[in-house]
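There are 2 protein chains.
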Amino acid sequence: MTTLAALNATSRDEFVVLLDGVYEHSPWIAAAAWDARPFATLAALKHALVQAVRAGGRDAQLALLRAHPELAGKAMVAGTLTAESSGEQQRAGLTACTPEEFATIQRLNAAYNARFGWPFIVAVRGPRGSGLTRSEIIATLQRRLASHPDVEFAECLRQVHRIAEIRLAEKLDTQPHRGRRVWDRAEALATFSEPPYAERGELTVTYLSPAHRDCARLLARWMLDCGFDSVREDAVGNVVGVYEGATPDAPRLLTGSHYDTVRNAGRHDGRLGILVALEAVAALKAEGRRLPFAIELVAFAEEEGQRYAATFLGSSALTGDFDPAWLDQADAAGITMRDAMRAAGLPATMDAIAAERRDPAHYLGFVEVHIEQGPVLAELDLPLGVVSSINGSRRWTGQITGLASHAGTTPMDRRRDAAAAAAEFVLAAERRAAAVPDAVATVGMLEVPGGSINVVPGRCRISLDVRATSDAARDAVADAVLADLAEIAQRRGVDCTLTPTMQAPAAPSAPAWLARWEAAVAALGLPVHRLPSGAGHDAMTLHRLMPQAMLFVRGGELGISHNPLETVTDDDAELAVAAFATLLDQLARE
Amino acid sequence: MTTLAALNATSRDEFVVLLDGVYEHSPWIAAAAWDARPFATLAALKHALVQAVRAGGRDAQLALLRAHPELAGKAMVAGTLTAESSGEQQRAGLTACTPEEFATIQRLNAAYNARFGWPFIVAVRGPRGSGLTRSEIIATLQRRLASHPDVEFAECLRQVHRIAEIRLAEKLDTQPHRGRRVWDRAEALATFSEPPYAERGELTVTYLSPAHRDCARLLARWMLDCGFDSVREDAVGNVVGVYEGATPDAPRLLTGSHYDTVRNAGRHDGRLGILVALEAVAALKAEGRRLPFAIELVAFAEEEGQRYAATFLGSSALTGDFDPAWLDQADAAGITMRDAMRAAGLPATMDAIAAERRDPAHYLGFVEVHIEQGPVLAELDLPLGVVSSINGSRRWTGQITGLASHAGTTPMDRRRDAAAAAAEFVLAAERRAAAVPDAVATVGMLEVPGGSINVVPGRCRISLDVRATSDAARDAVADAVLADLAEIAQRRGVDCTLTPTMQAPAAPSAPAWLARWEAAVAALGLPVHRLPSGAGHDAMTLHRLMPQAMLFVRGGELGISHNPLETVTDDDAELAVAAFATLLDQLARE
Numbered sequence: 001m002t003t004l005a006a007l008n009a010t011s012r013d014e015f016v017v018l019l020d021g022v023y024e025h026s027p028w029i030a031a032a033a034w035d036a037r038p039f040a041t042l043a044a045l046k047h048a049l050v051q052a053v054r055a056g057g058r059d060a061q062l063a064l065l066r067a068h069p070e071l072a073g074k075a076m077v078a079g080t081l082t083a084e085s086s087g088e089q090q091r092a093g094l095t096a097c098t099p100e101e102f103a104t105i106q107r108l109n110a111a112y113n114a115r116f117g118w119p120f121i122v123a124v125r126g127p128r129g130s131g132l133t134r135s136e137i138i139a140t141l142q143r144r145l146a147s148h149p150d151v152e153f154a155e156c157l158r159q160v161h162r163i164a165e166i167r168l169a170e171k172l173d174t175q176p177h178r179g180r181r182v183w184d185r186a187e188a189l190a191t192f193s194e195p196p197y198a199e200r201g202e203l204t205v206t207y208l209s210p211a212h213r214d215c216a217r218l219l220a221r222w223m224l225d226c227g228f229d230s231v232r233e234d235a236v237g238n239v240v241g242v243y244e245g246a247t248p249d250a251p252r253l254l255t256g257s258h259y260d261t262v263r264n265a266g267r268h269d270g271r272l273g274i275l276v277a278l279e280a281v282a283a284l285k286a287e288g289r290r291l292p293f294a295i296e297l298v299a300f301a302e303e304e305g306q307r308y309a310a311t312f313l314g315s316s317a318l319t320g321d322f323d324p325a326w327l328d329q330a331d332a333a334g335i336t337m338r339d340a341m342r343a344a345g346l347p348a349t350m351d352a353i354a355a356e357r358r359d360p361a362h363y364l365g366f367v368e369v370h371i372e373q374g375p376v377l378a379e380l381d382l383p384l385g386v387v388s389s390i391n392g393s394r395r396w397t398g399q400i401t402g403l404a405s406h407a408g409t410t411p412m413d414r415r416r417d418a419a420a421a422a423a424e425f426v427l428a429a430e431r432r433a434a435a436v437p438d439a440v441a442t443v444g445m446l447e448v449p450g451g452s453i454n455v456v457p458g459r460c461r462i463s464l465d466v467r468a469t470s471d472a473a474r475d476a477v478a479d480a481v482l483a484d485l486a487e488i489a490q491r492r493g494v495d496c497t498l499t500p501t502m503q504a505p506a507a508p509s510a511p512a513w514l515a516r517w518e519a520a521v522a523a524l525g526l527p528v529h530r531l532p533s534g535a536g537h538d539a540m541t542l543h544r545l546m547p548q549a550m551l552f553v554r555g556g557e558l559g560i561s562h563n564p565l566e567t568v569t570d571d572d573a574e575l576a577v578a579a580f581a582t583l584l585d586q587l588a589r590e
Numbered sequence: 001m002t003t004l005a006a007l008n009a010t011s012r013d014e015f016v017v018l019l020d021g022v023y024e025h026s027p028w029i030a031a032a033a034w035d036a037r038p039f040a041t042l043a044a045l046k047h048a049l050v051q052a053v054r055a056g057g058r059d060a061q062l063a064l065l066r067a068h069p070e071l072a073g074k075a076m077v078a079g080t081l082t083a084e085s086s087g088e089q090q091r092a093g094l095t096a097c098t099p100e101e102f103a104t105i106q107r108l109n110a111a112y113n114a115r116f117g118w119p120f121i122v123a124v125r126g127p128r129g130s131g132l133t134r135s136e137i138i139a140t141l142q143r144r145l146a147s148h149p150d151v152e153f154a155e156c157l158r159q160v161h162r163i164a165e166i167r168l169a170e171k172l173d174t175q176p177h178r179g180r181r182v183w184d185r186a187e188a189l190a191t192f193s194e195p196p197y198a199e200r201g202e203l204t205v206t207y208l209s210p211a212h213r214d215c216a217r218l219l220a221r222w223m224l225d226c227g228f229d230s231v232r233e234d235a236v237g238n239v240v241g242v243y244e245g246a247t248p249d250a251p252r253l254l255t256g257s258h259y260d261t262v263r264n265a266g267r268h269d270g271r272l273g274i275l276v277a278l279e280a281v282a283a284l285k286a287e288g289r290r291l292p293f294a295i296e297l298v299a300f301a302e303e304e305g306q307r308y309a310a311t312f313l314g315s316s317a318l319t320g321d322f323d324p325a326w327l328d329q330a331d332a333a334g335i336t337m338r339d340a341m342r343a344a345g346l347p348a349t350m351d352a353i354a355a356e357r358r359d360p361a362h363y364l365g366f367v368e369v370h371i372e373q374g375p376v377l378a379e380l381d382l383p384l385g386v387v388s389s390i391n392g393s394r395r396w397t398g399q400i401t402g403l404a405s406h407a408g409t410t411p412m413d414r415r416r417d418a419a420a421a422a423a424e425f426v427l428a429a430e431r432r433a434a435a436v437p438d439a440v441a442t443v444g445m446l447e448v449p450g451g452s453i454n455v456v457p458g459r460c461r462i463s464l465d466v467r468a469t470s471d472a473a474r475d476a477v478a479d480a481v482l483a484d485l486a487e488i489a490q491r492r493g494v495d496c497t498l499t500p501t502m503q504a505p506a507a508p509s510a511p512a513w514l515a516r517w518e519a520a521v522a523a524l525g526l527p528v529h530r531l532p533s534g535a536g537h538d539a540m541t542l543h544r545l546m547p548q549a550m551l552f553v554r555g556g557e558l559g560i561s562h563n564p565l566e567t568v569t570d571d572d573a574e575l576a577v578a579a580f581a582t583l584l585d586q587l588a589r590e
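As they're listed, the protein sequences go chains A and B.
UniProt numbering numbers the first residue of the first sequence as 1 and each following residue consecutively.
UniProt numbering numbers the first residue of the second sequence as 1 and each following residue consecutively.
I should point out that these hints are in silico values taken from the structure, not numbers from a laboratory.
What you are looking at is a predicted structure, and each value in this text was computed from that prediction instead of being measured.
Just so you know, not all the hints are guaranteed correct.
[Claimed, not checked] A few chain B residues that face chain A, going by a derived Cβ cut-off under 7 Å, partial list only:
no., residue
1, N264
2, G374
3, R395
4, R414
5, A423
6, A434
7, A435
8, T442
9, G444
10, V456
11, D484
12, R530
13, A535
Idealized CB from N, CA, C, for every residue including glycine.
Only chain A is shown next, with the shape it has when bound in the complex (with noise of 0.2 Å):
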């Protein structure tokens, strides 16, 4: 056991020693962490270790990831694993396999080593301490098997840190508390699913559905306990809980984000945003402190447009954005939302849902914590960045017609062929978004339909879909690549067509909660990143009314998000409880 305290008096000796085994067989990496000192928090003690990772560039990592044993490999039979990876794979219950897992696990070891030449690494011990199961590890072995070997690289060194953050959690006894209730109350909603998780292994809660409706419930109930002066269910199902403060007519910060999640959806996608805030309120009251403002978290119901052809249905009651017209779209089993709602007790009214619009004049702005959905924060290794803009976006969805012709008998300059027109407006959509920074450009459709080997390609469907932080740098990303089509299509002599089918507006943040999110980042002892938010989220819905800033947290492998894979580990979940905490102290100074 040490403390960080003790940690920055020590010489770089004693640092390594006391460091021993947080990352296997490698003390270089302690070493150089040394020269980073004084740490002002565990947060930048551990960054300064991930640094010195990425500094020691592709030979050493190869090194550290070779420093570490096979699991339930040869080493463990024979007992020469370190005492801390015996711990860990015994309490991943692998020194317990049946002889036809030990069998497997050897056969996907031996193929994993084959194909990367590191042996896999997983930290088998998870959040709730039990980790890992024997069939999830193998689970996963099987799957990374089939990773691009650059994507598999960076994900073992994941691996390792997040192992290294265990066995340094363990040394300075200090354990994400806060972290761990978010965690494991995002465990807990994940039980509510249609149909049951249980019955199938999958999440998914649609609007209004009785795993929604659970939903709505526990959060009420969670609300309350965490000490809420009143929760309140509102007319289309948000789950609204106010915490006063410290005068009955104190401003108001909104917060908050959505319960619902897609079909075979990630645990932490909108629900980290509520918990977050729940578990920073918690906090407030067992302090029994008020600030100069009230804090009001609506968990919104309905965000991921699943169930009806409607998105942001929470946010835009809050806005006065909810389309009467939606009230009657029908769902695939042909109930309106209108039936839907009333079979919920809700009241199923436009009159009920205007009422529920705020007023700006009472909130000081609204702030949203989420995961990021995306690789940045993973491949930079910070767990926090702090939300620039919601990129605005336009899609188009079209075809380019050429002229199908005989593979063998159409000279190269005698063809309009459509696939290969394509494929240079691909190309053009990736540079002019490549060009402009925080852009995005793809071209996620590209078929040509029937296609044959021996046929130049006469049709190609398309898509687009382009993103950036402003409207202005959108469209100017997209009237180029526009243009470029048109100049392909005309020089090549084939006829296009693009239909668009959306248009959303982008929402930068407001420079002074963009600060404040910065500042609480800063404040943790981390490095400020800003990113784009490629993704929608209710606070572009909230951006109509009120200033906005959102927080991300990184999620894990490559930010995989809308799919079980999907996670957030307690650690970073208690930065951002912590980040969170720290915007709420500024706010109340100010």
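Fit chain B to the supplied structure of chain A, relying on the hints for placement.
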């Protein structure tokens, strides 16, 4: 009425007067063509007129198109058509339109004019004198209304030249009798189809089907009618006719093409080569001429590989390459080739098939006439072309695997976009082939499976087809494209698999035989144009056994083939018969 000799002797002004009306309201064409006097042949005169139009440039060509009346248009109603147009429109039955047909044509004419800016032009008189029916004219107008303007412009000029050709034949009172017999016989063969042509309007004749047997019987009768000394059906269903030479032991010239078709085929693919040779032998017989060599005409029973998973069954028997395993292949109905042969009365034994192998010592070589099945001759306005080589080909199918990710949250520099990699591959194939004369490379299959507008493509299916006039050139192009793909995959961090599916060696024409075809074309007063064959032909198989060379005949509408729109004119067929006869004469003189 005039004659070629008279035309060659006139002044420019008289020439223009004599050719008045050949090109609608456009005396400048005849005036320009006059410079090319004297014309050795009618073909040379027509070529000079075509060249005058080509040299006139786009504006003059557009004026030429605009000088044409609308079909069944105001000029017809008002009686202000030229004598030529009036007769043509009347004979096409346009003056007898029902009110509904008239309204439809008016509406389509207006839409056509609005889209292209010139009137719809089609040669309404066809080879049989009867020409297009009203419903065929309306269908053609509807179809061409959807064409690309550049394609339609070229097609209208082609129709203008065809109209001029027909008008010129009347002025000179010279009809393409031999070409028309070729054309009529192709029509007669097309009445046999599975199901019958009359039932579905589609031509399909697969190996040993009842329609196929009917074709064989009719071909055999024609061979006898035309004066072949012996006609037999061989062990695989080829119809073999021999026109003996001046002496019993004379060497043989082998010629022929196939009489099976693809599904929903054109009428000239394969059959043209049989019918042209038939007509040339008929002429010899009519004159009572015997040459120093015998002519063996083989109507190959199978080339297209439609019923069984094997191609070139007919010619393979002649070269000893008929694979015994083919006999056990079953068609879609489960009927083996052996059983199909037995049902057709063929011996169905490998002994009988192997006995069909020809001894090359008895043969001078193999020549084959075939429609081009490509756009080159049509675009160059040349009726005939000499094949330099049947291209060697290689094919692959495969997949690029990147990483599917969120189109909004994945920055451009962190993507592993399978479609973007495929796009570079498509353009690399195009660029590499364009750099090598007569080489082609095609990515005919291009598909992001289940692509979504907002997902960076994780997979993209691709194919590659490379062909060139020599195996070395083919492999150079293919190797360069594959190296490009490896570089693209490496740079973009994506995986790529390409599996070879086919490889066929090039069959360059024998120089002496190529020279004979060139001399034959030149003797017609036509420019000699060499081009490779991108498609496979029976000559490719015979190439293994003896020298070979092919003559290509221009197809209509960009050379479309394997399609009911495939056409050959009676005038072009006449030239093919003349070229074939010239080649025989020449060979006789050698």
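A closest beta-carbon separation below 7 Å is what the hint needs, so does A435 (chain B) meet it against chain A?
violated, 9 Å
Would the hint on R530 (chain B) be counted as holding, given a Cβ-Cβ threshold of 7 Å to chain A?
Since the shortest Cβ distance to chain A is 13 Å, the answer is violated.
The hint names R414 (chain B) as touching chain A; please verify it with the least Cβ-Cβ distance against 7 Å.
Hint on R414 (chain B): holds, closest Cβ of chain A at ~5 Å, below 7 Å.
Agreement of hint N264 (chain B) with chain A interface, Cβ distance less than 7 Å
For N264 (chain B), the interface hint is violated, since the closest Cβ of chain A sits about 14 Å away, which is over 7 Å.
Are G444 (chain B) and chain A close enough, Cβ to Cβ, to be under 7 Å, as the hint says?
holds, 5 Å
Hint validation: D484 (chain B) versus chain A, beta carbon distance must be below 7 Å. Holds or violated?
violated, 13 Å
Does the nearest C-beta of chain A fall within a distance shorter than 7 Å of the C-beta of V456 (chain B)?
holds, 6 Å
Is the interface hint for A535 (chain B) satisfied, with its Cβ closer than 7 Å to some Cβ of chain A?
It holds, given that the least Cβ distance between A535 (chain B) and chain A is near 5 Å, below 7 Å.
Once the shortest beta carbon distance from G374 (chain B) to chain A is found, is it less than 7 Å?
holds, 3 Å
Take the shortest C-beta to C-beta distance between T442 (chain B) and chain A; is it under 7 Å?
holds, 4 Å
A closest beta-carbon separation below 7 Å is what the hint needs, so does A434 (chain B) meet it against chain A?
Since chain A brings a Cβ to about 4 Å from A434 (chain B), closer than 7 Å, the hint holds.
Closest C-beta approach of A423 (chain B) to chain A relative to 7 Å, hint status:
holds, 4 Å
In the structure shown, a violation is registered for the earlier hints numbered 1, 7, 11, 12, in ascending order.
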